[in-house]
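With chain A fixed as given, assemble chain B onto it according to the hints.
Those protein sequence lines, which keep their order, are chains A and B. With the first sequence counted from 1, adding 221 to any position gets you this note's numbering. With the second sequence counted from 1, adding 221 to any position gets you this note's numbering.
The set of hints was computed from the structure by calculation and includes no laboratory data. Be a bit skeptical, because a hint or two may be false.
The list makes no distinction among identical chains, and a pair is therefore deemed to hold if it is satisfied within one copy or across any two copies.
With a cut-off of at most 20 Å between alpha-carbon atoms, the simulated EDC-like pairs for lysine to aspartate or glutamate come out as follows [stated by the list, open to error]:
hint, residue 1, residue 2
1, Lys223, Asp320
2, Lys223, Glu324
3, Lys223, Glu325
The residues making up each chain are set out below.
2 protein chains.
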Amino acid sequence: VKLSQIGEFGVIARMEPGAIVRPDDVLCGIGDDCAVTRGRPGWVRLVTTDLLVERVHFLRSAITPRQLGAKALAVSLSDIAAMGGIPLDAVVSIAIPKDLAVEELDEIYAGFKGLAAECDVNLLGGDTTASLQDLVINVALTGEVEEDRVLYRDRARPGDTIFVAGTLGDSRAGLDAILNGRSEESDAARELVRRHHEPQPRLREGRLIAASGLAHSMIDVSDGLSADLPHVCERSHVGAEVFEAQLPLSRELEAYASARGLDASAFALSGGEDYALLLTGDERLGAALAASGVALAAIGRVVEDGRRELVRRSGDRAPLAPGGWDHFRSVP
Amino acid sequence: VKLSQIGEFGVIARMEPGAIVRPDDVLCGIGDDCAVTRGRPGWVRLVTTDLLVERVHFLRSAITPRQLGAKALAVSLSDIAAMGGIPLDAVVSIAIPKDLAVEELDEIYAGFKGLAAECDVNLLGGDTTASLQDLVINVALTGEVEEDRVLYRDRARPGDTIFVAGTLGDSRAGLDAILNGRSEESDAARELVRRHHEPQPRLREGRLIAASGLAHSMIDVSDGLSADLPHVCERSHVGAEVFEAQLPLSRELEAYASARGLDASAFALSGGEDYALLLTGDERLGAALAASGVALAAIGRVVEDGRRELVRRSGDRAPLAPGGWDHFRSVP
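Isolated chain A (complex conformation):
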């Protein structure tokens, strides 16, 4: 059997049986943005791990080493944000091809440590080894969150409003610009490429959302809205209705898509690596967060039956189908 036949989530499903041998301290194992275990009184501990592989997740010719170091940490920070957590300690493993100069390695660490310092994260240790071909970086990151505030992806409730913190599609449009030689064609393209290479983990937003007490579920948009919202639906045994007209699109994405003659919504729906937060909860959440200066876009609602629908601008309804990143299927 080929891996491409079972896909990324098939792979994950095969990992789960027998994984937990001491269940007492485990609140959530494989299957959410982070694993959750008991922590100090009133708190739970979070842990996540993310692997970036050259030619799958990045092109060394397109991203700077400094951006790469920061991005390797950012994707894990986003997982902590998606649980409502505070990041704590990281360990980083790097496999280094022979043609990487020491100065580039210094830049990778500088990028990593710059973002780590900003987010109050300790770099506790690591492993550094050789690679014959691809540059590979793994970050394992711990965090914590108050026991009564942690937000899982499997707690969406019928009637919830669906919100997004951040814009959607920018990163995918930036990748489109890189792959099609359009990185320099406009200010909008340049900015989208920058967003693709410098994702911002939404830690502050995650904390405020968790503290509001009005959110029921949360996930980060790493694989694209049309892939990540179905995860929430499946795990929560609910459906969802999303309104195309309400998707949070950046000015830059609209300008770029328009110049390309493409649909900005398509980038927003199927684009991975935005690291926006996707959450469901009480409709008053938007107003509550606005008071703290955090803009949430209300993009739809959770429904009781299993349908997952996109309501187009025209009023037509289309199935919300995963067209996001599946690494085993999207690699050429």
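Showing chain B alone in chain A's frame:
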């Protein structure tokens, strides 16, 4: 500047500045087998991360997927053992080339989970992604140890006896057999290849050594005695004298080296990946551990001045020079 010019430890040195931004909870960051942070009352927390890269650390044609999964965890378990600790929770990241069958992935997880269950380790989560070329596995593992029992590598004292738990050189001899087409030439060769592919983390020994209260420093032998003992010396500001005649050599290594016309001690001194424990402490440690059924070989002593010497069987003295694994220098 090329990475090969600064070596593995040069790389690590570049990682350290600015790595710790919240020092209060950190007892030991980069530079020991594990990072050490404050834990529950009376205990400290341990964390380690290890990356295995195809063609650098293993050949897919030589190791079975089940052995590979177990080995990826074993190298991290050995880091916990070297601090005297109890392992707790692991997260595993895998980058999978397209030609790996699902059945092989299942075997990797089966190997990992088999050893994890034996050692009471939870597999909390992971990341699974594609790779265009090499299979890559990263394991990040936490553990804990009593605050007053944790063993660092920088506490060796002049006058200490140097001990080894386990035999030295078997793994290197197994690799020699693989690389020279001699894996099947004898029972000894087969057993050495097995030891290369199935290293045994010495968790029980590590716990008993820590509990004895007689050990002062400990490290695991992952890069070879002649590379790892100098780490202890440098960090502890001491020297060491090792007696060739007292190196713990297995029957299989002696038989294999003799059939090859090679020096068994050379394998023991420069061979990596044994995952034996190297420790220093009170001379009575050997007798104390023997009572628990753990054999320690007393191989030398810690001296005040900086010399690192090997006393050969002949009585001649030779500098104990690192000839162990340095990934940046040893890769062809």
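Do the hints match the structure? See the list:
no.	hint	result
1	Lys223 with Asp320	between (32 Å within a copy, 8 Å between copies)
2	Lys223 with Glu324	between (39 Å within a copy, 9 Å between copies)
3	Lys223 with Glu325	between (36 Å within a copy, 10 Å between copies)
Consistency with the previously given hints is maintained throughout, with no hint failing.
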